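With chain A's structure known, arrange chain B on it following the hints.
If you read the protein sequences in the order shown, they are chains A and B. Each residue of the first sequence is one higher than the one before, starting from 1 at the first, in this note's numbering. Each residue of the second sequence is one higher than the one before, starting from 1 at the first, in this note's numbering.
What you were told as hints is all true, and nothing was included just to trick you.
Simulated crosslink set (DSS-like; lysine-lysine; CA at most 30 angstroms straight-line):
(1) K152/B to K278/B
(2) K182/A to K278/B
(3) K142/B to K353/A
(4) K129/A to K28/A
(5) K109/B to K353/A
(6) K20/B to K83/B
(7) K221/B to K180/B
(8) K83/B to K353/A
(9) K84/B to K353/A
(10) K354/A to K377/A
(11) K268/B to K221/B
(12) K430/A to K444/A
(13) K353/A to K136/B
(14) K354/A to K109/B
(15) K182/A to K353/A
(16) K268/B to K152/B
(17) K142/B to K268/B
(18) K202/A to K45/A
(19) K430/A to K377/A
(20) K182/A to K109/B
(21) K152/B to K182/A
(22) K276/A to K377/A
(23) K255/A to K182/A
(24) K159/B to K182/A
(25) K182/A to K142/B
(26) K276/A to K28/A
(27) K27/A to K217/A
(28) K369/B to K227/B
(29) K182/A to K136/B
(30) K20/B to K142/B
Computed spacing ranges between beta-carbons, pair by pair:
(31) E318/B to G93/A: 18 to 28 angstroms
(32) S310/B to S408/A: 56 to 66 angstroms
(33) P126/B to F425/A: 39 to 49 angstroms
(34) P298/B to R322/A: 41 to 51 angstroms
(35) V151/B to A446/A: 55 to 65 angstroms
(36) N332/A to S310/B: 36 to 46 angstroms
(37) K113/A to E377/B: 32 to 42 angstroms
Read the hints as simulated data drawn from the structure, not as lab findings. All values reported here derive from a predicted model rather than from experimental measurement. From the three backbone atoms N, C-alpha and C, an ideal C-beta is built for every residue, glycine too.
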Amino acid sequence: MSEQKNPEVTQEVPKRTSAKKWTESAKKVRGLVRDMYVRAFTEGKPVAWVMFTLVNELFVAMDIVPVYPENFAGLCATKRVGNPFIDRAEADGFSNVSCSYARIGLGYAALWKDMGEIPPFAPDGGMAKPIMTVGSSLVCDTRYKWFQTYSRYMDVPYYAFDMPSPPAATVYRPDVREQYIKYNLAQLQGLVNFMEERLGKKMDWDKLDEIVRRGEKTYVLWYDAYMLAGRAVPCPFPAEDSFNCFVPAFFLMGKVEALDFYQGLYDEIKYKVDNKMGSIPEEKYRLLWGGGLPPWHTMQIFNYVEEQGALFVFQSTYLPLRPADIPDRITNPLERMVYGRYETAINRAEDDKKLGLFGLCNFVGLGNPLLFVDEFKVDGVVMHWLRSCRGTTIGQVYQKNLLEERTSIPTLFLESDMCDIRDYFEADWKMKLNALFETMEARKRAGS
Amino acid sequence: MAKGLDWAKRLYENRSQRAKELREEGNKVIGYICAFPPRELITAAGLVPYRITGTLEPITEADAYLETLMCPYVRSCLDLGIKKRYDFLDGMIWPHTCDNIQKTFDIWKHYVPHSYFHYLDVPHMPDPSSFEFFTKELDVLKESLEEFGGVKITEECLKEAIGVHNENRALLRQLTGLRKQAPPPISGTEMTQVMMAAMSIPVYESNEMLKNIIEEVSTGKDGPQEKTARLLVYGCEIDDIAFINLVEECGANVVIDDLCMGTRDYWKDVATEGDPLKNLADRILGEIMCPRTFRRSPGTRQQDLDNRFSYIRDFAQEFNVNGTILYIIRYCDTFEFDAPEVRDYLEEAGIPVLYLEDDYSLTSIQGFKTRIQAFLEMIE
Numbered sequence: 001m002s003e004q005k006n007p008e009v010t011q012e013v014p015k016r017t018s019a020k021k022w023t024e025s026a027k028k029v030r031g032l033v034r035d036m037y038v039r040a041f042t043e044g045k046p047v048a049w050v051m052f053t054l055v056n057e058l059f060v061a062m063d064i065v066p067v068y069p070e071n072f073a074g075l076c077a078t079k080r081v082g083n084p085f086i087d088r089a090e091a092d093g094f095s096n097v098s099c100s101y102a103r104i105g106l107g108y109a110a111l112w113k114d115m116g117e118i119p120p121f122a123p124d125g126g127m128a129k130p131i132m133t134v135g136s137s138l139v140c141d142t143r144y145k146w147f148q149t150y151s152r153y154m155d156v157p158y159y160a161f162d163m164p165s166p167p168a169a170t171v172y173r174p175d176v177r178e179q180y181i182k183y184n185l186a187q188l189q190g191l192v193n194f195m196e197e198r199l200g201k202k203m204d205w206d207k208l209d210e211i212v213r214r215g216e217k218t219y220v221l222w223y224d225a226y227m228l229a230g231r232a233v234p235c236p237f238p239a240e241d242s243f244n245c246f247v248p249a250f251f252l253m254g255k256v257e258a259l260d261f262y263q264g265l266y267d268e269i270k271y272k273v274d275n276k277m278g279s280i281p282e283e284k285y286r287l288l289w290g291g292g293l294p295p296w297h298t299m300q301i302f303n304y305v306e307e308q309g310a311l312f313v314f315q316s317t318y319l320p321l322r323p324a325d326i327p328d329r330i331t332n333p334l335e336r337m338v339y340g341r342y343e344t345a346i347n348r349a350e351d352d353k354k355l356g357l358f359g360l361c362n363f364v365g366l367g368n369p370l371l372f373v374d375e376f377k378v379d380g381v382v383m384h385w386l387r388s389c390r391g392t393t394i395g396q397v398y399q400k401n402l403l404e405e406r407t408s409i410p411t412l413f414l415e416s417d418m419c420d421i422r423d424y425f426e427a428d429w430k431m432k433l434n435a436l437f438e439t440m441e442a443r444k445r446a447g448s
Numbered sequence: 001m002a003k004g005l006d007w008a009k010r011l012y013e014n015r016s017q018r019a020k021e022l023r024e025e026g027n028k029v030i031g032y033i034c035a036f037p038p039r040e041l042i043t044a045a046g047l048v049p050y051r052i053t054g055t056l057e058p059i060t061e062a063d064a065y066l067e068t069l070m071c072p073y074v075r076s077c078l079d080l081g082i083k084k085r086y087d088f089l090d091g092m093i094w095p096h097t098c099d100n101i102q103k104t105f106d107i108w109k110h111y112v113p114h115s116y117f118h119y120l121d122v123p124h125m126p127d128p129s130s131f132e133f134f135t136k137e138l139d140v141l142k143e144s145l146e147e148f149g150g151v152k153i154t155e156e157c158l159k160e161a162i163g164v165h166n167e168n169r170a171l172l173r174q175l176t177g178l179r180k181q182a183p184p185p186i187s188g189t190e191m192t193q194v195m196m197a198a199m200s201i202p203v204y205e206s207n208e209m210l211k212n213i214i215e216e217v218s219t220g221k222d223g224p225q226e227k228t229a230r231l232l233v234y235g236c237e238i239d240d241i242a243f244i245n246l247v248e249e250c251g252a253n254v255v256i257d258d259l260c261m262g263t264r265d266y267w268k269d270v271a272t273e274g275d276p277l278k279n280l281a282d283r284i285l286g287e288i289m290c291p292r293t294f295r296r297s298p299g300t301r302q303q304d305l306d307n308r309f310s311y312i313r314d315f316a317q318e319f320n321v322n323g324t325i326l327y328i329i330r331y332c333d334t335f336e337f338d339a340p341e342v343r344d345y346l347e348e349a350g351i352p353v354l355y356l357e358d359d360y361s362l363t364s365i366q367g368f369k370t371r372i373q374a375f376l377e378m379i380e
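Here chain A stands alone, though its shape is the one from the complex:
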């Protein structure tokens, strides 16, 4: 791979694909994303390509600029420039059902190698050259396999680590707790060791402690803002905004700007809720995006839904889990990160217990739609089957069955992909959505 060129963000949007933003906070996200990529070129700091794994704080503490190829793939899809990368990856034999984030990420590295320069159509100047790549097993297998394959195209050291979650059946056992916490801690320490070795400098633990505690505050604000918005009638913060506003929590966690962002988001939502300010004039139907990544290539579809008088008041894909109360006696910042994660697993088990589903929703989906139907006054649930994402697709039918067993609201499956536009059929989506509106209308008329 040749040396990178100074980026110029000249990529024009070929067509508007993104959704209208309803909050001032959501409008800020695009700038934050652009900054992430530009800073990787301009700050002169070491760059890492990282798979999102709730460990951004470690990179911040080590003064490494993390770049997230998952995010970059979503950005490419939004700009409708992802498919040349996809084609390139598939030309090397990667399956067209392998994660489209991965196909874009691999295709990007392959084309960079082929062309000797960053592909000129890469949005925001592309991803800067890394000195390391870091993947993990959190959420899905692709997250540690994909980066292993980068060695086809670039000679960059790779570190992968585990982040397993306990099953609900044994989550309360002290020995199981100790076993999971010890393992997760060892795996995080392994990552720190790798970073230290790669950079030739030691972790500043005091600095990390400050960053982790800032991250904890950020997480609580994120959670509170999202829940406040979901409960609100009318809802000032629909799912398409929420699909934007997870970005700082995933990719800037631990930084002051992330904390400021969620404080601003919370304040904005609180103000609007207090003043009964919604998004659309009348929420004829309140919808829940109940699973699956969004169609980054066509987020505008959310505006189509709104034109029909419906609003996605919540999405349970990028869901902050109920935060843990981390005691002050835990002073090791790595332990605080691991403890918090384990406690949120317990919180999830507790939530399932309340629904009588203890031990039955361990690994499906990312959030249980049943948790939100009553509380958020939901009239219908939409889920998204993704051709190339097992992590957020498997379990949707199960969740739908649970919804049908326990509620009377309709559920709709839409099918496409998060990035690969070839799997999207707009007419089909609109037809299915229209049928959903008719069903909800009939239910309202029948008074159910």
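Chain B in isolation, oriented as in the chain A frame:
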């Protein structure tokens, strides 16, 4: 009573028959999916291990419970579960091996009830902390099986079970070793039947059957005709003879495999000295060469590839193979990511490769036939 290969064939055609008989006699049968659960612990608890599989018959029930955009093998297994074909199982051990299997845990548990259910977390990483974690996981499984079986699994009894299962693996390796001959005395199709049969009965009976088969094929049984093409088949779950049979009918001898229901399952033994749980962890996490387990790179890209794939090349050389078929089931993500790497690695080693991607049900078998025939013409 049938003997040798005929014994295996009959079991293959009615896999659950013996397990059902044993259950009627008062034994408890524990099902498991994939190569990762430790059969040794099940045997040591006085229970009968039974490996569940899918089937090539159409999936007619599982689509009401699982998405179609996922591993068709796992969908097929659940389909059989929903259809009550696994009702003879008293319990199920469900490992976290890949996304498709892990995320089906809840669904199986909800819709295919057994009186015993255990989730076994298997780390993806190969670090000392991973082995320590997994040894503890095996200890939790051991306690759980003790409670269910109403027995205490002593170290002595676990070591004995390890010994018997090691013997089983050694017999399978011995039988596989015979396939180095030209022509091989046992076909790939027969070997698939043997593997399926061996996973369906108690290990003691399996050992008896394998000894019987080795004797039969070593002493003059009419084996397959010698073909110019000697092939290795690489992939994940092949639990039906249809594909291997197709390859052989096209004019090849399938002489070695790297499959989940093949050498991947039996090529390495459990060590017999020291802590048996740790030894089990070492074999499962360290020795089963499945792409779901990450291997740390020892240095350069070439060293990384050698570390991950040289054993396949070695198989090819030892068994005098002149071609390899990669049979990849769609949506099997870890194999899908490795497949281009395996293809390139073997081709660079001078071994021609045919890369097929399928949906497990072999609905495109005629299309495969043409491609396999063309491949065989190319390498002959």
